[in-house]
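Fit the two chains together into the complex; they arrive one by one in their own frames, and the hints show the way.
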Amino acid sequence: MREKNILLGHGSGGKLTHSLIKELFFKYFENPVLLQQCDSAILGVSEGRLAFTTDAYVIDPLFFPGGNIGKLAVCGTVNDLAVSGAVPLYISAAFIIEEGFPIKELEEIVSAMADEAKKAGVQVVAGDTKVVNKGQCDKVFINTSGIGIVEEKHEHISSGSKLEAGDKVIISGSIARHGMAIMAVRNFGTFKTDIQSDCACLNHLVQEVLSSGARVKFMRDATRGGLATVICEITQHTGLGAEIREEAVPIDENVRGMCELLGFDPFYVANEGTVVMVAHPDDADAIVAAMKKNHLGKGAAVVGELVADHPGKAILQTAIGGNRIMDMLAGEQLPRIC
Amino acid sequence: MKYIDEFRDKELVRNLVKRIGEVSHRGVSLMEVCGGHTWAIQKFGIPSLLPANIRLLSGPGCPVCVTSKRFIDQVVAYSRLSDVVICSFGDLIRVPGSSSTLEKEKSRGADVRIVYSVLDALALAEQNPGKKVVFPGIGFETTAPGTAAGIKDAAQKGLKNFFVLSSHKVMPPAMAALIDEGVKIDGYIAPGHVSVITGSGIYRDFPKKYGVGCVIAGFEPVDILQAVYMLLRQINQQRFGVEIQYSRVVKPEGNPIARQAMEEVFTTRDDWWRGFGVIPASGLVLNEKYAHFDAEKMIPVEVEETVEEKGCICGEVLKGLKRPTDCKLFGKVCNTTNPVGSCMVSHEGACNAYFRFHS
Chain A
1 MREKNILLGH
11 GSGGKLTHSL
21 IKELFFKYFE
31 NPVLLQQCDS
41 AILGVSEGRL
51 AFTTDAYVID
61 PLFFPGGNIG
71 KLAVCGTVND
81 LAVSGAVPLY
91 ISAAFIIEEG
101 FPIKELEEIV
111 SAMADEAKKA
121 GVQVVAGDTK
131 VVNKGQCDKV
141 FINTSGIGIV
151 EEKHEHISSG
161 SKLEAGDKVI
171 ISGSIARHGM
181 AIMAVRNFGT
191 FKTDIQSDCA
201 CLNHLVQEVL
211 SSGARVKFMR
221 DATRGGLATV
231 ICEITQHTGL
241 GAEIREEAVP
251 IDENVRGMCE
261 LLGFDPFYVA
271 NEGTVVMVAH
281 PDDADAIVAA
291 MKKNHLGKGA
301 AVVGELVADH
311 PGKAILQTAI
321 GGNRIMDMLA
331 GEQLPRIC
Chain B
339 MKYIDEFRDK
349 ELVRNLVKRI
359 GEVSHRGVSL
369 MEVCGGHTWA
379 IQKFGIPSLL
389 PANIRLLSGP
399 GCPVCVTSKR
409 FIDQVVAYSR
419 LSDVVICSFG
429 DLIRVPGSSS
439 TLEKEKSRGA
449 DVRIVYSVLD
459 ALALAEQNPG
469 KKVVFPGIGF
479 ETTAPGTAAG
489 IKDAAQKGLK
499 NFFVLSSHKV
509 MPPAMAALID
519 EGVKIDGYIA
529 PGHVSVITGS
539 GIYRDFPKKY
549 GVGCVIAGFE
559 PVDILQAVYM
569 LLRQINQQRF
579 GVEIQYSRVV
589 KPEGNPIARQ
599 AMEEVFTTRD
609 DWWRGFGVIP
619 ASGLVLNEKY
629 AHFDAEKMIP
639 VEVEETVEEK
649 GCICGEVLKG
659 LKRPTDCKLF
669 GKVCNTTNPV
679 GSCMVSHEGA
689 CNAYFRFHS
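Protein chains in written order, with this note's numbering: chain A, 1 to 338; chain B, 339 to 697.
In case anyone wonders, no lab produced these hints; they're calculated from the structure.
There could be a bad hint or two in this list.
[Unchecked claim] Derived lysine-lysine pairs resembling DSS-like cross-links, with alpha carbons at most 27 Å apart: (1) B:K666 to A:K139; (2) A:K313 to B:K648; (3) B:K444 to A:K134; (4) A:K134 to B:K469; (5) B:K348 to A:K313; (6) B:K470 to A:K134; (7) B:K407 to B:K648; (8) B:K340 to A:K298; (9) B:K340 to A:K192; (10) A:K313 to A:K118.
Just so it is clear, the structure is predicted and the values come from calculations on it, not from any experiment.
Extracted from the complex, chain B is given alone in its bound form (with noise of 0.2 Å):
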């Protein structure tokens, strides 16, 4: 298949694993930040390729994974309305809440429903004028782009039975975080999509203010090899800087267009991101001239409190301080059957590719 077969070739990927072999001169920790890293890394069995001393750590750029107890909560709450629909990306319906999942919702008569994107959610509300339709917006950059078409789409309608409950994320604030709190990484591999919107710029500050250099990568094995390569190279001749590997689809400037649609419908806010507390301006909050479309604004709602599981390290893993494995509830309490934690929910958490795929 064009554009894949060509990233997943053999040939290329054995000569890229020695190449990396002749410049790893010391144990380094790189950083995949995006959960679609983790996911291709475990599903093509990279790390069984790479030398010891090269350490992957997964990052927090797992949607799902930092999405707050509190926001499944809230999503949980809406459900439980009659005359609510909730249209959720797949993988949010399985996250355990504080008393229970979305999936356990719909199977006790909540009308919870997965689409692909907003546009689906936006076509439900315009067919069922009676219901109130909600979509939990999670993702970061790749993602709130689209939330904010559908907005602006819905606006243009007047539409007036859509509403999104927004939990989206900016990723730099995240990685900075990890950095300030001490986490050592010798270098980011930085997410692919998240810089096809927001090009290169968004992390200038890495190379500069604390000396980490940044590689955008594809999700390929060729990508995320040349990724390491292109960051050894760096920390070998301590020359960093932030590199595009993925060219075929990043700009150094990014999509302005997508960008423009984000600013008009957003604005930052302190947020909460799971594992590390509250980061500041990190979420994206509907502004006011959208407030109309903000569930939070528009549906009151009595949320539970919120409990914490006891013994889940989502939070240490997320910020690539502990491996899944040291967590002690990891394959006994928590497996992908029973997940405790997020990190074992998505496809993309470290602690789900980890236990899938680590042979």
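This is chain A alone, in the form it adopts within the complex (with noise of 0.2 Å):
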């Protein structure tokens, strides 16, 4: 491509669209689905029953220690096929992009979502590009949608409705990686932190799980609103107690130290490659070790339980032995003044 930067008649539909189709989003998303370019992607369906799922990415800053925009909107949509129960097979992706967005930078991005893609085992097969004038959007937007294969068995998993009392609560990494990465470059680019965010596909790790027979009852990719949401969640949904040890739940040092640095509570920081399940109490040391095997499920730990006790409440058993409500945040966290 000669130009250096998106113009709006990359969007026009017109001879700029096609050749940013052909040389850009083709290049790097090739497969026999997309290449036919008909105005839907069709597909073959297997047994089972489909899963389907939606999601916009809207992120400043686009590139962030761990990933950048791109390979989130991978990760995040294939994470929500996977914590359904569901194999993800397909994804589309469109793209809102300003006026004036340099090239070179779509590109480092569509080439995460390939990569991303390629390692989760899911085809690009739709895609669009629009584009906007000039400060009516941020930069790029990405909508992916996404579809995979659910086995029947597998099916309740998606509302939890077998989850009950006993029920162990398994997380499979350290929580708050994504949320403080991205704090960290956003408002303080003065401070110098290795933090990197866990963006990635679960649905590997998902899978092996499910295969290795354990009885998984709920999953949940713990992303905005952290694992203190997902909980709470969970036991506004089933009228349950849940239980958390606060010394269970794995945490970075370095991202706990940014989180007592500004007053952050890391059980309500974004995650963005990291599942919570909860299983039946006598698979969840199995479903751990399963995850250990797993790269992406290292710091994987039984964390707490369902209860009958407290219906409808998460208590949080604090490291020094006290106790306390966990409710779900009104809005955003804001960092403390002093």
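Shown next, in the form of structure tokens:
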């Protein structure tokens, strides 16, 4: 491509659009379905039920330690499918790009998406590009939708319909890495940290656990709102109580340090490659062992359990042995004053 | 993590709780002055560990909570000016004014930025010479030196577009006002970070004049529990004094350089505290020499009439007279999503901490 930056014409549907699609998107997302260039991707259906999800990605900054918006857009959608018990197969990618955006950066984003899709074993089979006037969006927004197949025996996982008191709560790795990596580069550029986002596709890890036969009853990736929000969603949805042991929750020292410094509670900070599973108590240790075999699950741990007491409420047993309620956050966490 | 884990040690905590139990002979009310203490106490579940006859009261040391509504209204008014950028500490943006909040104004197009330090505001002023950058200065002796340093820096750089709207306050007058008003306090868990600046001298009146002990405490569970233990010992022996539990950070003489910066830039005035009304010589305002950085003097703006909400008892909560759960609005009309009073806004506010953490 001769142009260095995105022009309005790249979204016009004309020659510029076609050259962008061919020279950039096809180059990276190449697969037989996409290359047919039909208005819809025509996909074969196998046994089981379809899982279908969509998510929009807007992030500032676009590039962060441990990933970029493209990687995030693939991981987020793949993970939404994976935690529903589905094997992710296909995704679509739609871009809204601000006029003037450097094509080199777009290429970096698209390349990261392709890498991540390949690792996850999914194909990008449909896409769209729109260009808006300068100032009408913040550099680039991406929407991805995804389709996966759920085996009948896993259908109950996404609703958590089999959850009961006594089930164990397991987390796949140390918390709060994504949110604090973003926070470090966003507002507090003067902080030098080595915190990396946990942004990653979890589908292989999830499938390894499921194929072990472990009785997983619920899964959710602890994205916005963090671990605490997932636990609160479970208690509110099921009417069961939850007891979480602060000491058992894995957190890296650098992440913890930055949370302490800014006055953030890591339990509410976003993750992008960390799954919470709730499972039959007899299978919890086997699940942790299975997770630990995957490089994304090295920090896996049982962090608590569902209980019949205090229905609808999550109680955190603090590191010093005190008890307190763990509730959803009202809004964004804000840095403390002093 | 060093300097953290030692002070959250389960064994140490268990020991301290046991020793507190041994010296706790009667009902006492201890007030943690600082909002940071309130937050830590609730976050770590400390009330669930203490004997039932020890009552911890939340004091007036949450910067956002004691800030007057009129101040919020004034910052909101500034945010509506097209050439003004508001650089605010995070918590302030949700505090309800009479008809709006900074968060709402931001959604309507006002330029409101969250900063972590006054220096961020200063940098923004340098980068945007066409804009007036207004920094709402809130907080006590902890944050006031930072604001003072920022103002001195702005003077040195000759900045003409950096302004401070000061609602900075000093702590001892409010602590005295509480006792003068007849609030029953058996001991003060005195603010750790205020004392880093001031030293322990500012509390000397309390044991002498009022017979109330002060223990300057850190913010970790072991710190707070040790402070409780030290206060109980003073009460039992009826020998009241000022003690420093937080000795790894607080020196008796404080930080003279920070105090000097404050004294150079600010002068005291009578100030309005939410829930208290006017407390003599309790506020800090920019003095004559630095008046050209005072937003109030340099940027005239029309401020709406202040309307106080009905039924909110933040005032009594701040004085330790009532608990958050005594308020009719608590958890119903007033919650962390829709705070009515400022005590529900800040995570250091008693109502907020109570709402989020209390089991």
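Evaluated hints:
no.	hint	verdict
1	B:K666 to A:K139	47 Å, violated
2	A:K313 to B:K648	31 Å, violated
3	B:K444 to A:K134	21 Å, holds
4	A:K134 to B:K469	22 Å, holds
5	B:K348 to A:K313	24 Å, holds
6	B:K470 to A:K134	26 Å, holds
7	B:K407 to B:K648	13 Å, holds
8	B:K340 to A:K298	24 Å, holds
9	B:K340 to A:K192	19 Å, holds
10	A:K313 to A:K118	41 Å, violated
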